[in-house]
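**Q** So you can see what is in the structure, the chains are spelled out below.
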Amino acid sequence: MCLGVPGKVLAIDGLSATVDFFGVRKELRLDIVDEPVAVGDYVLNHVGFAIRRIPPEEVQETLALFDQILEITGAKEDLMALDVRGEIASGKDEA
Amino acid sequence: MTTPRDPTLELKFRDPARARALAGALAQRVAAIGRPIQVMHVCGSHEQAIARFGLRALFPPGLTLIMGPGCPVCVTDAPEVDEAVALARQGARVCTYGDMLRLPGTALSLADAAASGARVDVVYSVSHAAELARRHPEEEVVFLASGFETTAVATAAVALAGPPKNLSILSVHKYVPAAMEVVAASPATRIDGFVAAGHAAIITGWEIFEPFAARTGRPVVVAGFEPLDILAAVLKLVELIEAGDASVFNAYPRCVSKEGNRPAQGSLWKVFEPRDGVWRGIATVKGGNLELRAELAHLDARRRFRIDTAPVRDAAAEVRSERCRCGEIMLGLATPAECPLYGSPCVPEAPVGACMVSSEGTCRIWHTYGGVPDLRENA
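Chains A and B supply the protein sequences, listed in that same order. Last residue of the first sequence: number 124 in my numbering, and the count goes up by one each step with no gaps. Last residue of the second sequence: number 386 in my numbering, and the count goes up by one each step with no gaps.
None of these hints come from the bench; they were simulated from the model. Beta carbons: idealized from backbone N, C-alpha and C, even for Gly. Treat the hints with care, as some may be off.
If you want the ones that stay clear, here's a sample from chain B, every Cβ over 12 Å from chain A, calculated [to be verified]:
| hint | residue |
| --- | --- |
| 1 | Glu214 |
| 2 | Arg261 |
| 3 | Pro270 |
| 4 | Lys293 |
| 5 | Ala301 |
| 6 | Pro318 |
To be clear about the criterion: a stretch of chain B counts as covered by chain A if any three or more of its residues have a C-beta under 8 Å from a C-beta of chain A, and this derived list gives those stretches [said to hold, decoys possible]:
| hint | stretch |
| --- | --- |
| 7 | 123-135 |
| 8 | 155-163 |
Isolated chain A, as found in the complex (with noise of 0.2 Å):
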């Protein structure tokens, strides 16, 4: 539940944000966000919100980290990578 997952905007439509987490699109709610968010922005994922516009100079950074972890671990016995995996496809197909 608390892992925040970044991920890229790539449309906006008023508080509704279609982002991209390593190729699975999400619907973000953008009502909490405190910044304005531009297509192209990377923000942090809370339980289906944006909670933070994550800094340009800090997105390289990041996403070389989870690139890190879902790659090296292989997944499979990675706790972290099925939750980070999980948190981002899970809301594709709730009832």
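With the hints as your guide, set chain B onto chain A.
**A** Then chain B, alone, in the frame of chain A:
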């Protein structure tokens, strides 16, 4: 259960030279203090990073890092789960976050309720709960709202956005700063300083910890979630302890500001008010629960429905879980390995205690990463 991971191998993609330098500095500072130091973090995501990367193996023997009450699922009290189970069995459509499903009530979990025919849905977000209610106007949809203040802010946003009339909220939201007070005040626990969770502080700002640090005499360092973030934060914390400086340091400046997200705080307190509440295994936490304000009674499942939990309780089941030591584990008074139920019969597939349920629970994390992540004990 598995071979302990080699921490130097794990840290290769995290600049091992810097990690070793931080660990070396940490050992020096702890040695200079000349007594055992005990620090606590209050975040499941921190514990995942610590266990995952074997960070405890880098700490000197005089330093202990404990996970405190940092998992909102784990501290949700059994009678609160009973309320959700009772509502589901009374015919409401209960939806909640996935890690709440198998959390035991006094006798039953929501998964049990679903198995016996109740409507229980997993949602990824409270906004999806609102959509569910919109799509099913003929049903009473109850969102079991769990999580700390960062998650409560999302619930508040939906509450303020004109949700559908058939949606109500059963709030079991918790407020972390209140629990830190309990830990600091507990005579049995001796904690020299706290590592605060970066994500919660994105909303609250780091200034929220200043009165706490001043009052308790314990320094607080706000930390991010990379291994080096955590090592650097612990080093800074030990330096503050050595200096006797009970101040707050922000070691996660790329995401956390002093004042935090003010509009989100405004929404949070417009919707919720702090109330005293029991945290599972810990105590009554003064101001630890976030309840919906009276003005939002129409949204509050507790006010909208008469919830009768008597039929879903089972005294015998309560007795069975008495040996569970989750409470002591969350207060830093015991480790999972010291619990007689840990690993057998209490496992993620059949959890007895709350700490084994959530992916952020201490027991679940230890179990996943090989039992005893403190590699010093295996050396």
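**Q** All hints are to be evaluated individually against the structure, with a verdict given for each.
**A** Going through the hints against the structure:
1. Glu214: 15 Å, holds
2. Arg261: 5 Å, violated
3. Pro270: Contrary to the label, Pro270(B) does not stay out of reach of chain A, its closest Cβ about 5 Å off (not over 12 Å).
4. Lys293: 23 Å, holds
5. Ala301: Ala301(B) clear of chain A: closest Cβ-Cβ about 23 Å, beyond 12 Å.
6. Pro318: 26 Å, holds
7. 123-135: It holds: at least three residues are needed, and the stretch 123-135 of chain B offers 8 whose Cβ sits within less than 8 Å of chain A.
8. 155-163: holds (count 5)
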